[in-house]
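J.: Chains as they are written, first to last, in this note's numbering: chain A, 722 to 1020; chain B, 86 to 415.
Treat the hints as calculated values from the structure; they're not laboratory data.
Just so we're clear, the structure is a prediction, and the values are computed from it rather than from any experiment.
Incorrect hints may appear among the rest.
Derived EDC-like pairs (lysine to aspartate or glutamate); straight-line CA-CA distance at most 16 Å [said to hold, decoys possible]:
1) LYS944/A with ASP956/A
2) LYS277/B with GLU144/B
3) LYS913/A with ASP976/A
4) LYS382/B with ASP395/B
5) LYS303/B with ASP393/B
6) LYS1013/A with GLU996/A
7) LYS911/A with ASP125/B
8) LYS913/A with GLU144/B
9) LYS911/A with ASP393/B
Which stretches of chain A does chain B cover? Using the computed rule of at least three CB atoms under 8 Å from a CB of chain B, they are [claimed, not checked]:
10) 795-809
11) 891-904
Partner residues are not named here, just some residues of chain A that face chain B (Cβ under 7 Å, in silico) [to be verified]:
12) HIS827
13) SER842
14) GLN845
15) LYS925
16) ASP929
17) PHE948
18) TRP951
Ideal Cβ placement from N, Cα and C applies to all residues, glycine included.
Take a look at the letters that make up each chain.
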Amino acid sequence: MSHSPELIKELEDKLLLVRHNILRIFEASHQGHCGGTMSLTEIVTALYFHHLKLDPGNCDWSERDRLVLSKAHAAESIYAVLPEVGYVPRETLDEYYLFGSRFQGHADRWCTPGIDYSGGSLGQGLSFAAAMALAEKISTEVNPPQLNVSAMDMPRLSMKYNPAYRVFCIVGDGECDEGQIWEAAMFAGKYKLDNLINIVDYNKFSIDGPVEQIMPLAPLDEKFKAFGWWVKEIDGHNLLEIVDALDLANRLYGDGKPKCIIAHTTKGHGIPTWENVHIHVARGQAMEAGLKEGRKIYG
Amino acid sequence: MAKFNKYVEIGEPAPIFAGAEAGMLKVADKYNNVILIHEDIGSLGTDWFKKNAPSRIVECGIAEANASVIAAGFAAEGYTPYILGFTFAVIGRAYNQLRQSILVDHFNVKILGREMWGEMGVSHNVVEGIGSLRVLPNLVIICPSDIVEAEKAFVAMGDYVGPVFYRMESQVPPRIFTDDYPFEIGKAYTIKDGEDATIIATGYMVSESIKAIDILEKKGLDVGIINMSTLKPLDEEAIIKAAKKTGAIVTAENGSIIGGLGEGVAAVLAENVSASLVRIGIDDEFSQSARVIGASKDDLMIHHGLTDHDLAEAVKRCIIKRDKLKLPRK
């Protein structure tokens, strides 16, 4: 099932806004994890503006979809979205890194409305997300949903119930060096967490260089499949492919398989200066050059 | 014969584990959001859960890093997870997971650390446990001294909302407390009053201190014992009061003297009151295997200088030091 061109156009407009906000964040802080943030912008845009079931007025809503940003250094990508979906005022973008700010250096559940997981120490988010997914299954088992079933609804319902919520996790590729990612992958396979969707931001570079040189990950798809996961590889900068994959993963709920979307991306995507040098944290001249270039492109 | 305070009645040896198990059954009965996180060494109350709430047993296998964060995720969803593991694994292997995913967000996770004193050797005898935990913000640390306190402390931990490390020692102390003993997190209990010196002990070393009293009484010394079963937050008031009274404090713990109870007490004394202090614990070294046949034969206690005789000697040294330095006492 493909999506309408109108939807994609709408998401493209939002994407520009998100990029614009990321630049505003960096302008205030003069430093940031620009590489891993820019590689995630399309994915985050598709999640927040099309996919996630959220209520910004009620952050603790028990049936909201969860989003665990395991690669919490890319928090700027989500910070850029939060004002646009109504979690925080837009001025918060200028508070990044400030003491007492809602926008901490790494995503922080305690400080930021709409953030589900406090990360920064890599490799742990997928475990957290898996627990949230299993908690949904246990809670549903204890308190099954009370559905008002009419005869007309029967064919649809007989397919399967929807989960009370789904859990999305975003991990980096370099992060997959951590053994705990694979402990969690094994755990999710064991407990058949088909309400868990893990997105790998496969931007091919970690701090010391190309991922394939630092610690080869390929074949990443086969690794997840071996642990009992459903795997889909996409172009992580193609909005249509992203929303299609997310919707497909949703529709497959009930198959007993956790879902992994391997999103092939480019570090620093959207800012040519940053793309070419595969930059992790930009500061000083590298930051100013990227900002200047970004402002020309995104206003 | 030593005169103990209310609620103290020394009885037969009884394992800490059994008290903790009884506490777990009470907690499980009281709260329907308890979830057991297994690390392939079982848990407390497992049979009860298998019968009454099998879906609330989550087996993570031998993967303690994952298990700790699984616990955090459940806590985020309103469950109260109890993780049981060997201390070296549940806090040692998963130290950063405990810090980042549990403590930073003050998640209501209870960590039950199984200590293995004796037979299992250096890997399982975690001398650095308390020291490595006391520095972590947001964590309450409990180390019960007998079967009764093990149960009472477990129930109190269940009622408290926030992360707790609960230390379960493998050494078997005698029953120390009566069934109506009131336990409160953060409150030390004075087991015995004394005029000449005070031993502040935690866990199994409380029972060793009780034995030391007999030796000291024969020497004509009237020594008090404080049971410091909450290692964080420390009961500073009790420490200061004892130091003002006797001017001679001996701390007793079966872990490293670096970072543990002794250092905690030393800091309180240094900032508040002049007193003589001697710390009894494991010197800066790892432990090893030893055959432990109850309290009657424990080569590790002898090697590390933790026996009742060592304690009695420490008390005498502490009193001599106090008198030499002319430190005040009431």
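J.: Are the hints correct? Go through all of them and say.
T.: Each hint, compared with the structure:
{"no.": "1", "hint": "LYS944/A with ASP956/A", "verdict": "19 Å, violated"}
{"no.": "2", "hint": "LYS277/B with GLU144/B", "verdict": "44 Å, violated"}
{"no.": "3", "hint": "LYS913/A with ASP976/A", "verdict": "8 Å, holds"}
{"no.": "4", "hint": "LYS382/B with ASP395/B", "verdict": "15 Å, holds"}
{"no.": "5", "hint": "LYS303/B with ASP393/B", "verdict": "13 Å, holds"}
{"no.": "6", "hint": "LYS1013/A with GLU996/A", "verdict": "14 Å, holds"}
{"no.": "7", "hint": "LYS911/A with ASP125/B", "verdict": "15 Å, holds"}
{"no.": "8", "hint": "LYS913/A with GLU144/B", "verdict": "14 Å, holds"}
{"no.": "9", "hint": "LYS911/A with ASP393/B", "verdict": "50 Å, violated"}
{"no.": "10", "hint": "795-809", "verdict": "violated (count 0)"}
{"no.": "11", "hint": "891-904", "verdict": "holds (count 3)"}
{"no.": "12", "hint": "HIS827", "verdict": "10 Å, violated"}
{"no.": "13", "hint": "SER842", "verdict": "4 Å, holds"}
{"no.": "14", "hint": "GLN845", "verdict": "5 Å, holds"}
{"no.": "15", "hint": "LYS925", "verdict": "26 Å, violated"}
{"no.": "16", "hint": "ASP929", "verdict": "21 Å, violated"}
{"no.": "17", "hint": "PHE948", "verdict": "13 Å, violated"}
{"no.": "18", "hint": "TRP951", "verdict": "21 Å, violated"}
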